[in-house]
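Novice: Assemble the complex: chain Z is given as a structure, and chain X must be docked to it using the hints.
Protein chains in written order, with the UniProt record's numbering: chain Z, 1 to 97; chain X, 1 to 97.
Derived DSS-like pairs (lysine-lysine); straight-line CA-CA distance at most 25 Å:
hint, chain 1, residue 1, chain 2, residue 2
1, X, K7, Z, K9
2, Z, K7, Z, K74
3, X, K7, Z, K7
4, X, K9, Z, K7
5, X, K74, X, K9
Which chain X residues stay away from chain Z? Per the calculated CB distances, all over 12 Å, these:
hint, residue
6, P12
7, G13
8, Q14
9, L60
10, N61
11, L63
12, N64
13, P66
14, Q69
15, A70
16, K74
17, R76
18, P77
19, I78
20, I79
21, G81
Beyond 10 Å from chain X on every Cβ pair, some chain Z residues (computed):
hint, residue
22, K9
23, H59
24, L65
Hints are computed from structural coordinates only; laboratory data are not their basis. Remember, predicted model here, so these are calculated numbers, not experimental data. For each residue, glycine too, the CB sits at the ideal point set by N, CA and C.
2 protein chains.
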Amino acid sequence: MYGLIGKMKAAPGQRDALIAILLAGTDGMPGCRSYVVAEDPTDPDAIWITEVWESQQHHLNSLNLPAVQAAIAKARPIIAGFGERFETRPVGGHGIA
Amino acid sequence: MYGLIGKMKAAPGQRDALIAILLAGTDGMPGCRSYVVAEDPTDPDAIWITEVWESQQHHLNSLNLPAVQAAIAKARPIIAGFGERFETRPVGGHGIA
Chain Z
1 MYGLIGKMKA
11 APGQRDALIA
21 ILLAGTDGMP
31 GCRSYVVAED
41 PTDPDAIWIT
51 EVWESQQHHL
61 NSLNLPAVQA
71 AIAKARPIIA
81 GFGERFETRP
91 VGGHGIA
Chain X
1 MYGLIGKMKA
11 APGQRDALIA
21 ILLAGTDGMP
31 GCRSYVVAED
41 PTDPDAIWIT
51 EVWESQQHHL
61 NSLNLPAVQA
71 AIAKARPIIA
81 GFGERFETRP
91 VGGHGIA
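Only chain Z is shown next, with the shape it has when bound in the complex (with noise of 0.2 Å):
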């Protein structure tokens, strides 16, 4: 399996519709195992993002769904950056789906 842990910052005070997006366009991708979308208690602009795919190819692939398109486009002008970013390799546990 392939992981990927991120933070993602909103413009100020776009998180909740920035999430919206991301729970939106994120929904059915092929290969994705988990995907958990959760705001940062400590910065009212940033968003993690937890991400457990059957393969990296499977997390590549979900970048030409033109759901996944269409989220990043009406997403991009609200991301005001990104912060860190950790590629995992998950192994097992609960809620892998």
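Specialist: Positioned in the frame of chain Z, the structure of chain X alone reads:
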């Protein structure tokens, strides 16, 4: 919901053993919605754990479960230390059991 993203370092050469303990001891924890154990591809001793709980109280309560207490006791000798740790407030996504 309450989330945790954290890095744990195993004693040299003990990552597989530590992962086995983490996976065995953390099954069926009340209020645990997701618990993903992953290898760090950049550090042969490092493990990433990402967790989603119904509430922070559910997470705190889990630390008192006999199975978790046993896992902690078994793991302690092969834990070398801890790295990054981020608390989050998960709001939705895929794979939240």
